[in-house]
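Build out the structure end to end from the sequences listed, making use of the hints.
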Amino acid sequence: MNRNTTKNVQKSIPKIDGQGLVLGRPAFTEDLAPQDALVVRLVRSPHAHARIRSIDTSAAEQVPGIACILTWKDVKRIAYTRAGQGHPEPSPHDKFILDEYVRYVGDEVAIVAGRDLACVNKAMGLIKVDYEILPAVLDFETAADNPAVIHPEPDIHEMFPIGFEPKRNIAAAYKMEVGPVAEVLANSDVVVEGTWYTQAQNHMAMEVHTAFTYLDLHGRLNVVSSTQNPFHTRRLLGQALALPLKQIRVQKPRIGGGFGAKQTIHVEPYAALVTLATGKPAKIALTRKEVFEATFTRHQMRIQVRLGADTEGKLRAIDMQVLSNTGAYGEHALTVFMVGGSKTLPLYNKVQAVAYGGQVVYTNQVSAGAFRGYGAVQGNFALESAMDELAHRLGMDPIALRRKNMIGEGETSEVFRIMGEGSEGVPMTIESCKLEYCIARGKELIRWDTEPLVRQVGPNRIRAKGMAIAMQGSGIPLIDMGSATLELQDDGFFKLHMGATDLGTGSDTILAQIAAEELEVPVEDIVVYASDTDHTPYDVGAYASSTTYVSGNAVVQAAQRMKGALREAVAEKYHLKAEEVQYRQGQFYDEQGKLITSLKQFSFDTLYHNGAQMKTITATGSYSGEKSPPPYMAGFAEIEVDTETGKIDVIEYVAVVDCGTPINPNLARIQVEGGLLQGIGMALCEDVQYSEGGHLLTNSLLHYKVPGREDVGRLTVEFAESFEPSGPFGAKSVAEIGIDTPPAAIANALRNATGVRIYELPLTPPRVLRALRAAGT
Amino acid sequence: MKITCTINKEQKVLELQAGEMLAEVLRRYGYTEVKVGCDTGSCGLCTVLVDGKPVLSCSYLAHRAEGRTITTIKGKEKEAAEFAAFLTAEGADQCGFCSPGFALTVLAMKEELAHPNEADIRHYLAGNLCRCTGYEGQMRAIHKYLEARHE
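Chains A and B, in that order, give the protein sequences. Oh and the first sequence: position 746 is 746 in the numbering used here, straight run, nothing missing. Each number in the numbering used here corresponds to the 1-based position in the second sequence with 777 added.
A hint or two may mislead.
Unchecked claim - Derived lysine-lysine pairs resembling DSS-like cross-links, with alpha carbons at most 27 Å apart:
1) A:K615 with A:K600
2) A:K122 with B:K855
3) B:K921 with A:K7
4) A:K314 with A:K404
5) A:K76 with A:K280
6) A:K11 with B:K921
7) B:K830 with B:K853
8) A:K600 with A:K577
9) A:K122 with A:K314
What the hints contain is simulated information worked out from the structure, not anything from laboratory work. Since the model is a prediction, treat every value here as computed from it, not as a measurement.
This is the structure:
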């Protein structure tokens with residue numbers, strides 16, 4: 001295809017749903033819930049670890065309006081996982097909808113449903129629970145082999161070997177080594193080592209987790225949910241409720257942000273149980289406090305890094321050993337851990353030896369799950385901080401050090417083959433990598449060479465720059481599949497039905513752009529319907545930076561097949577061979593270039609006028625990547641640190657990104673800008689803190705700080721000119737890459753500013769001040 | 778308890794339960810364009826205009842609306858659509874969940890501040906959180922919208 005003549009891609013058209021959303025049209029799950037739906041709320045554990053001796057619901061049941069109260073005794077005991085992942089899930093089946101044991105403050109104890117919130121709240125207050133309090137594990141570094149065992153129950157299991165040893169509080173474990181790491185390190189001229197810590201982080205999607213359920217005319221369970229993965233949700237729900245999947249329909253309306261938070265089933269089983277028990281519609285919307293206390297966070301990690309290099313700055317060995325905290329349940333335990341290595345280590349593919357390993361442990365804390373970056377942001381903080389330390393030791397420019405060692409086009413890394421998500425990876429040669437350009441352009445934009453890297457700008461204020469590079473992926477190869485179906489409609493437009501899940505990113509829009517481009521029609525002629533398990537073809541959903549690349553390739557394939565089907569159908573009507581019919585921009589021509597018919601005319605003919613030859617013309621495309629081409633990025637932070645208060649201000653953040661050819665440059669840019677700010681939040685202010693008893697202290701926006709619009713200076717985002725041959729119209733995915741670099745780039749800037757390396761996030765003023773004082777700065 | 782107020786130019790009688798906040802009541806009466814994001818008055822999603830001034834309806838006792846004029850984004854649909862065109866042209870609507878409250882605050886700012894600079898705008902809108910965009914796209918849209926209005 002000629003990429004200079006595109007009409008619908010590389011175009012910043014507005015999102016097709018944008019106007020309606022801004023004007024507040026009913027679009028989100030709660031907007032659409034039936035007025036008479038029972039209100040469902042959950043009684044949650046006030047203890048970090050306890051056994052329920054007894055629950056007395058008798059007084060609560062007497063509250064007028066209460067329709068149903070369920071406890072663990074009323075619910076079938078089935079171990080399942082809430083993680084929206086491929087099948088079989090790489091997450092252990094270690095969760096019960098309700099259980100006799102509670103394993104963190106916030107764990108579900110009882111389901112209460114009634115006609116309104118007031119009666120439900122009243123009933124919740126009347127439920128008496130007698131707890132036997134058990135010893136809790138609240139420090140992930142002492143979790144493994146702790147005498148307090150969080151999952152002693154015998155009926156939990158892994159779906160395939162992931163290193164699951166619940167009796168040792170270990171949810172997953174892994175190790176790999178290519179080349180003799182210890183030996184190469186021992187023979188390296190310079191060895192840098194350090195232990196980095198990253199904190200839990202809350203997604204803070206603006207819409208809380210919400211679902212409503214009802215039985216349709218056929219008695220089937222309908223679930224409308226703010227989910228990132230309707231098909232996984234159907235499968236997991238069927239498993240958890242012991243319902244055949246044909247009895248369940250899942251629909252996703254618009255979602256108010258996901259970032260991984262909704263790649264899971266936190267609320268759906270509870271509403272579904274109420275509907276199944278009462279026959280009535282039921283609605284559950286978490287409170288913001290519940291989102292903090294009882295959904296998922298980013299995995300807290302401890303990452304030990306050792307780098308070995310020669311005196312010229314040639315990297316010879318990398319060793320990364322990781323301890324990850326999965327909290328009370330093991331969703332995404334192994335896979336997030338894997339990505340900590342698989343999407344960082346290949347950046348430096350010229351080493352002689354590389355090792356990665358460690359454990360993912362259970363604690364009695366809020367469970368961790370999927371969160372944009374998915375381990376890569378944690379790994380990147382450690383590895384890219386260590387790279388800067390190496391540069392300091394060598395007296396080298398940190399950019400020169402990276403350029404000497406980083407991956408380039410036409411190259412590969414053993415890590416691609418060895419490390420997958422829960423199983424082996426897929427070998428891959430990099431066909432698009434513009435890291436060189438990203439770095440060179442970023443240097444210009446941040447004035448790396450034209451201004452001093454460090455300068456005093458006030459009595460206690462130092463301004464400094466720092467940088468980091470990153471990679472991510474484009475879907476999970478050979479595991480995740482997306483599909484799309486096109487159907488020609490009378491008047492010559494197309495329905496595009498797809499399982500892909502737009503969680504606010506604009507993927508419905510860019511997939512329509514891709515279809516329009518391939519079909520050579522205006523994008524207005526593509527009518528999108530997505531994310532409904534009854535009416536759209538399968539798609540894994542929106543996670544792992546998959547939609548542009550995986551679902552986008554499925555759309556390209558569907559459109560190519562549609563053009564073939566159209567040519568065949570026109571040929572049949574006009575007694576030609578299919579290869580004698582040419583299609584261009586909504587018109588059909590014969591071999592002499594003479595017009596045969598138009599798409600519009602033919603669309604009526606095939607549905608109304610063709611007698612026995614009348615037919616609906618459809619085409620389906622399915623795509624599962626044989627590889628996962630990484631987007632790349634260079635990130636540059638300019639910060640100002642106040643040495644009297646320890647406060648860091650980000651003056652400017654520059655990101656130059658290679659995501660192949662962006663389908664919609666505006667939407668790609670916003671993805672990166674949004675990712676950057678979440679990464680800056682993780683670097684500077686977003687912290688999860690617990691009381692000694694395991695109560696979450698940061699359980700509201702008053703206590704958990706996400707960056708506001710006055711908190712950060714300028715974000716500058718540019719794209720490298722790049723073309724990924726395996727991607728739709730040259731595109732790679734772009735959803736996650738933006739979040740990866742800020743923690744390391746900001747910590748590196750702080751090191752440049754003050755000489756002090758801080759190994760633990762977030763870089764809050766008290767932590768920075770302590771470090772400066774300890775160093776005597 | 779009942780109150781009488783004007784919502785989007787229509788006179789309404791609303792039945793309240795004790796202690797109910799305006800956001801809950803508006804949503805209960807079908808004004809689902811009013812979103813709720815935090816319950817602590819921290820995010821700006823639930824912004825409505827009360828007598829023309831932006832108010833966080835999740836933290837505004839509904840009974841205080843007695844006799845007042847309430848405007849949601851739907852009551853400003855024409856102006857909001859004009860701003861929405863600028864916002865969506867930047868791709869900065871994203872998930873759209875914060876957009877109605879945000880857009881309404883932008884419209885209020887336009888009434889209140891004659892020629893706001895970058896810092897004025899950021900300050901006026903500091904209470905409107907967005908987790909998708911990083912704010913830059915919203916700021917580009919606001920600048921272009923205000924410029925177009927002054928031309």
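CA of K921 of chain B to CA of K7 of chain A, is that 27 Å or under? Answer holds: K921 of chain B to K7 of chain A is near 25 Å, not above 27 Å.
Satisfaction of hint between K921 of chain B and K11 of chain A, Cα-Cα up to 27 Å: holds (19 Å)
When you check the alpha-carbon spacing of K314 of chain A and K404 of chain A, does it fall within 27 Å? holds (7 Å)
Is it true that the CA of K830 of chain B sits at most 27 Å from the CA of K853 of chain B? holds (13 Å)
Take the C-alpha atoms of K122 of chain A and K314 of chain A, compute the straight-line distance between them, and say whether it is at most 27 Å. Roughly 67 Å between the alpha carbons, so the hint for K122 of chain A and K314 of chain A is violated.
Has the given pair, K76 of chain A with K280 of chain A, been kept, meaning a C-alpha gap of at most 27 Å? Judged against 27 Å, a Cα distance of about 20 Å means the pair holds.
Are K615 of chain A and K600 of chain A close enough, with their CA atoms no more than 27 Å apart? Holds - the C-alpha atoms of K600 of chain A and K615 of chain A are around 15 Å apart, at most 27 Å.
Proposed proximity, K855 of chain B with K122 of chain A (alpha carbon, max 27 Å): The given pair, whose Cα atoms are some 43 Å apart, is violated under the 27 Å limit.
Regarding the pair K600 of chain A and K577 of chain A, is the alpha-carbon distance no greater than 27 Å? Holds - the C-alpha atoms of K577 of chain A and K600 of chain A are around 21 Å apart, at most 27 Å.
Violation of the numbered hints given earlier is confined to hints 2, 9; the remaining hints are satisfied by the structure.
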